[in-house]
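Asks: Protein chains in written order, with the working numbering: chain A, 1 to 294; chain B, 295 to 631.
Keep in mind that a hint or two might mislead.
[Claimed, not checked] Listing some non-contacts, in silico: residues in chain A with all C-beta distances to chain B over 10 Å: (1) Pro49; (2) Val52; (3) Trp73; (4) Leu79; (5) Phe95; (6) Trp122; (7) Asp132; (8) Ile146; (9) Arg180; (10) Val186; (11) Ser195; (12) Val214; (13) Val248; (14) Ser252; (15) Ser257.
[As the list claims (entries may be wrong)] Taking beta-carbon pairs under 7 Å as the criterion, some of the chain A residues facing chain B (in silico): (16) Met108; (17) Leu111; (18) Ala149; (19) Trp197; (20) Ile199; (21) Ile233; (22) Gly234; (23) Ala263.
Since the hints were made in silico from the structure, they are not lab data. Where is the CB? At the ideal position from N, CA and C, for every residue including glycine.
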Amino acid sequence: MTDIATTPRPEGGFTALFRHARYVVGENPVTGFAFALFVLIVLAAVFGPHIVPYDPLASDTAEALRPPNAHHWFGTDQLGRDVFSRVVVATRLDFFIAVASVALVFLMGGLAGVAAGFFGGWTDRIVSRVADTIMAFPLFVLAMGIVAALGNTVQNIVIATAIVNFPLYARIARAEANIRRDAGFVEAARLSGNSDWRILTFQILPNVFPILVVQVSLTMGYAILNAAGLSFIGLGVRPPTPEWGIMVAEGSAFMVSGEWWNAFFPGAALMIAVFCFNLLGDGLRDMVDPRRRT
Amino acid sequence: MLPMILKRLAMAIPSLIGVVIVTFLLTRALPGDPAAYFAGPAATPQAIQEVRVKLGLDKPLIVQFGRYVVDLVHGNLGTSLTTGQPVLTELRNRLPASAELTLLGLIVSIVIAVPLGILAATKPNSLVDHACRIVATAGVSLPVFFTGLILVYVFYYLLGWAPAPLGRLDVFVSPPPQLTGFYLIDSLIARDPETFMASLKQLILPALTLAIFSLAPIARMTRAAMLAVLSSDFVRTARASGLSAYTVIIIYAFRNAMLPVITTLSMVFSFLLGANVLVEKVFAWPGIGSYAVEALLASDFAPVQGFVLTMAVLYVALNLLIDVLYGIVDPRVRLEA
Chain A
1 MTDIATTPRP EGGFTALFRH ARYVVGENPV TGFAFALFVL IVLAAVFGPH
51 IVPYDPLASD TAEALRPPNA HHWFGTDQLG RDVFSRVVVA TRLDFFIAVA
101 SVALVFLMGG LAGVAAGFFG GWTDRIVSRV ADTIMAFPLF VLAMGIVAAL
151 GNTVQNIVIA TAIVNFPLYA RIARAEANIR RDAGFVEAAR LSGNSDWRIL
201 TFQILPNVFP ILVVQVSLTM GYAILNAAGL SFIGLGVRPP TPEWGIMVAE
251 GSAFMVSGEW WNAFFPGAAL MIAVFCFNLL GDGLRDMVDP RRRT
Chain B
295 MLPMILKRLA MAIPSLIGVV IVTFLLTRAL PGDPAAYFAG PAATPQAIQE
345 VRVKLGLDKP LIVQFGRYVV DLVHGNLGTS LTTGQPVLTE LRNRLPASAE
395 LTLLGLIVSI VIAVPLGILA ATKPNSLVDH ACRIVATAGV SLPVFFTGLI
445 LVYVFYYLLG WAPAPLGRLD VFVSPPPQLT GFYLIDSLIA RDPETFMASL
495 KQLILPALTL AIFSLAPIAR MTRAAMLAVL SSDFVRTARA SGLSAYTVII
545 IYAFRNAMLP VITTLSMVFS FLLGANVLVE KVFAWPGIGS YAVEALLASD
595 FAPVQGFVLT MAVLYVALNL LIDVLYGIVD PRVRLEA
């Protein structure tokens, strides 16, 4: 009888996922490294404004354009503002834009795609046609056009980034919902009297969800790049707000005269953030679907 | 071949219609009253009403759309508020600059990425393979404007090898007589090696920036496709028949591996046309991208709309070209049509 007591309890979903995650991180140190970077970025986004040594907006013309030194780790810009403080504080805004636009497209694209794949017919035709039309544009160009039309604000950068990523999410969600619409468990749910909407919400969506989450982390880097590109050409964020794209734009004029730190550090921060999300996305994909490992 | 091209042309029509509808909707989505917007900030209510009637904004949306399409067919993309020039003329004047830059960037990228991908696939886990992986990961993480600035700093400021990043030609060199609008080709036709070198010098850095950006997907896809083909039966047979490594890899494997690479080009073009805008801003390149950016910042909408439309039409045309190319490389596609 004691045998029963010693049998390990079946693990819950989360415990198993955690064990698997620990295994994947242990197996692939690069993913662990990316995860550490991600934690650092989140910390900078949350606590950034409270821990930086200088006020990111305070100018000090006596200290203008100093190269990196002990007081100003990343040097100072043309107005004497501390580049390090500005880079750290900017994390919150850049991170917010990326998270907000990805969350928005996750909702729009995910729901539209799942509905298209599940219901087929007109829903499918409309969603696919919209996705095709967006794909007919070079994506960054379309984002520029949308921001130009809706107005030059941060909110519209979020919307534009979400719209240009829509086809990607909608297509994946559609394909994943489509292969499940006649699956055994869906048939079983249907036979036991569940309505279409109930099946969609409780059977299809939970199954498609993890695949879309992987997609999120893979496109997060692209979302940051897209938003930074838009602010680099002068859209959305207005000076003197610290944001990586606009800081690179402001610093670009000094690149030809040798004051490299102005544009270099925000650009490097941007690069590291995108790099981190790309690595993390690859790691997450390995975790969810080991077969697609590259 | 011809039926396939015709079929593919017909398939491009819905895309074009979609593009026209979206660009139309974008103007109508302008914040506030478009008539007040086009009349300018100092306009009286009367003037605004006049503009409204003139632009047909008092008509139902569908009639407005009809007018818009008729205008497009006549090549009327509106007039820029800041320069007073018709948008079509300016786009036409500036398009060769952008096209020359983008094409050179793409050529450089293919010339580097394809051999890199092939080498990486023939020697897995070698130094070349790791280099390929690093390039592929770094390429997608690097903001294109950042790469451009780093190149400017290193090659202009530190080494002094490249000219100042200020447009297509040094101010002291006069542009070649215009035939194609591509300075490299025009100066060759005019047998003017000096201008050729001058414009090549200006082109190298921005083209390299674009190339670094688009290297990643091409190299990654070439490597993956070559790996798949090299492990297939017919390659093993070719090897067993004693063919040289060169024949097997280039003649047998590469031609088959080309197909997915060509498909990737579609995505690469989408990235390139967007990245072009950023690179033009970094290098003060007088192309359509910087034209659109200037107009955007001045809230001058007609040029932006013209730009978005031009880019989309170009992109649809490029996709068409890629599909035709696909048919040339793969005889099976031709048979299906």
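Asks: Would you list, in rising numerical order, the hints stated earlier that this structure does not obey?
Replies: 7, 8, 13, 14, 15, 16, 17, 19 and 20
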